[in-house]
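Novice: Below, each chain spelled out in residue letters.
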Amino acid sequence: MEQILANGVYLGSQYAMIALGLTLIFALMNVLNFAHGQMYVIGGFVTYTFYGQWGVPFVLALVMSCVTLAILGALIERFLFAPVIKGSSREESTMLLAAGIAFFLDAVILLVFGEKQRGVPKIVDGVFNWDFRLIMPYDRILICVLAILSIVAFIGLMQYTKTGRALRALAQDRTAAQLMGVNVDRYSMIGFALGAMLAGLVGGLLVTITGVNLGMGGATSIKAFMMVMIGGAGVISGAIWGGIILGFMEAIGLALLYQYGDITYLLIFVSLMIFLAIRPQGLMGKPWG
Amino acid sequence: MFGFTTKQLVGVAIFLFMIFIGVPLIIGATGRWDFYFTLTSVALLAIASAGVWLTFYIGRINIGQGAFALIGAYVSAILVVKAGWSFWLSLPAAGLFAALVAILLGLPILRLRGVYFAMITLVLTQVVTLTALALPITNGARGISNIPLPSGISVFGIPILPDFAAMENTKLAFYYTACIIMILTYAALYRLVNSRLGHLCRSMQQNEELASSIGVNISYIRIVIFAISSFFGGLGGAMFGSIAQSVYPSSFQVADSVNFMLNCFLGGLGYVFGPMLGTLVLYFGWDLLFEFGKYQMLIYSTILIIIIRFLPNGLLSLRFGKGGDK
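Chains as they are written, first to last, in full-length UniProt numbering: chain A, 1 to 289; chain B, 1 to 326.
I should point out that these hints are in silico values taken from the structure, not numbers from a laboratory.
Be a bit skeptical, because a hint or two may be false.
Unchecked claim - With beta-carbon atoms standing in for the labels, derived distance ranges:
| hint | chain 1 | residue 1 | chain 2 | residue 2 | range |
| --- | --- | --- | --- | --- | --- |
| 1 | B | Asn207 | A | Thr175 | 46 to 56 Å |
| 2 | B | Asp34 | A | Pro121 | 41 to 51 Å |
| 3 | B | Ile303 | A | Ile71 | 46 to 56 Å |
Unchecked claim - Here are some chain A residues the structure puts well away from chain B; computed CB gaps all over 12 Å:
| hint | residue |
| --- | --- |
| 4 | Val9 |
| 5 | Val31 |
| 6 | Met64 |
| 7 | Ile76 |
| 8 | Glu92 |
| 9 | Thr94 |
| 10 | Met95 |
| 11 | Asp185 |
| 12 | Ala219 |
| 13 | Lys223 |
Yeah, the Cβ is synthetic: ideal placement off N, Cα and C, and Gly gets one too.
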């Protein structure tokens with residue numbers, strides 16, 4: 001039981017970070033970022049290159065992941081999403097663009113890094129063992145702590161800084177924010193960069209444990225969508241709850257039903273459907289927000 | 001005639017002439033027999049895309065068509081291989097089964113809107129793939145292979161459809177079959193859009209509450225539309241399985257679902273024939289880029305991004321700047 005709970009916390013903290021980035025981008029621009037999983041994979045590969053290949057300290061490699069993805073996110077918003085949102089008669093066109101970007105990033109990853117599974121040396125050795133009731137490698141604990149710290153830092157940023165206030169205003173009402181003198185274009189770019197950066201950060205953190213490969217992108221996006229649906233799209237606290245809930249469901253499901261393999265995800269989906277039938281906007285979401 | 005303008009009739013006539021006589025002549029002249037397979041795929045994917053387009057018509061973004069195509073492919077394959085049905089009977093059965101699943105799933109999920117619906121349909125694709133892996137009847141990851149070719153049909157001794165296995169050129173036969181089904185699909189779609197139901201759909205697309213307040217039974221209409229949409233998906237998928245003679249859980253994946261949606265977007269959502277054009281451009285473009293080897297995906301996605309960057313309202317928005325043919 002302790003083991004399942006610990007696994008749940010570990011999975012949930014990472015999932016929450018992935019969902020946070022996705023939900024932030026959605027809240028700000030009403031864009032469903034299909035490329036989120038691919039951004040996560042790129043983050044993993046950047047850390048792999050710096051830390052695994054060139055022997056740069058892990059923290060520095062993480063920073064490089066964040067910087068790369070933040071720049072990438074800013075460029076994508078500035079030169080692709082912003083003009084398309086302005087020129088399109090339907091909001092849904094951004095979905096096509098997002099899907100195109102997902103394909104594009106997949107192609108880039110394939111060309112630059114290949115399709116092999118990549119891993120990096122462990123950041124810390126050793127296993128935490130509490131009487132064989134709870135076994136957890138130290139690096140997992142470290143990653144989990146780092147993830148929780150990042151989430152706290154992100155919430156702090158959103159709540160107590162000027163940028164965070166501007167982003168929250170933008171998410172609430174774009175027009176009203178603009179009327180209050182918020183530079184909408186600039187903060188959209190910053191928000192998108194921040195969302196992409198979170199994806200890159202998780203990728204960088206997780207590469208030390210699960211490694212990274214090309215195929216992870218799509219699956220990660222789908223999980224992120226599920227978390228966002230559980231919590232409610234475009235709500236920060238909802239994304240965190242969604243991540244924690246999915247993390248625990250997965251940990252419990254995999255522990256109890258491991259002999260049936262993929263049935264866990266099937267059950268999660270069925271329960272998600274029942275949940276959404278009762279509460280279509282998710283836990284925290286605004287109805288039809 | 002029948003309320004069509006001469007221009008429209010001529011257009012349809014040219015189109016029919018091209019796909020039934022023009023294309024075989026051109027392929028015969030150039031000797032590119034592989035194009036038959038490409039064009040057959042385009043026709044089948046266009047059928048499934050027509051379904052996605054229809055759900056767009058009631059204002060829902062459907063990224064789950066891959067799920068219904070996979071369901072259709074499996075139903076047809078299981079009926080033909082395990083129950084010994086004729087393929088031609090299993091084809092509508094596959095469509096109807098997909099529609100039934102759509103009704104059951106649609107009851108809860110069609111209450112969702114916007115991105116919520118988009119996300120849950122996307123997840124649905126993944127779940128159907130997982131279900132196909134887990135269920136015993138679908139053979140797991142090994143899938144169902146060696147599906148026999150469609151057999152002939154004869155009524156009172158008069159052959160209506162020839163036996164595909166006895167034919168020397170199955171490619172041509174499949175091409176014609178796929179084209180006929182595609183034309184029937186789009187004719188049905190055109191009829192639907194221009195019927196009373198189509199007008200109700202348009203009212204829902206604009207504002208569901210308003211439509212509901214003036215007496216449109218929105219929950220009934222959206223279920224009907226979703227069922228029809230999935231029927232098309234099942235039909236396309238079943239036909240696809242029959243041509244490939246095999247079905248695997250990976251036959252239709254999330255990427256395929258996204259592609260169905262892209263076909264609709266690219267062709268333009270305001271035009272009935274948009275998804276057909278979108279499918280043709282996307283699939284053909286993908287096929288033509290095959291020569292670039294490992295750069296195929298890169299070039300393809302770059303072109304895709306450029307198209308959407310400069311033509312955010314779809315390809316057909318170039319020609320019909322104002323209004324267009326609804």
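Novice: All hints are to be evaluated individually against the structure, with a verdict given for each.
Specialist: Results of checking the hints against the structure:
1. Asn207(B) / Thr175(A): 46 to 56 Å: 20 Å, violated
2. Asp34(B) / Pro121(A): 41 to 51 Å: 48 Å, holds
3. Ile303(B) / Ile71(A): 46 to 56 Å: 24 Å, violated
4. Val9: Non-interface label stands for Val9(A): nearest chain B Cβ at 24 Å, farther than 12 Å.
5. Val31: 9 Å, violated
6. Met64: 24 Å, holds
7. Ile76: 10 Å, violated
8. Glu92: 6 Å, violated
9. Thr94: Label violated. Min Cβ-Cβ 9 Å, cutoff 12 Å.
10. Met95: 7 Å, violated
11. Asp185: 17 Å, holds
12. Ala219: 8 Å, violated
13. Lys223: It is violated; Lys223(A) is separated from chain B by about 9 Å at its closest Cβ, not greater than 12 Å.
This entry does not satisfy hints 1, 3, 5, 7, 8, 9, 10, 12, 13, going by the numbered hints stated previously.
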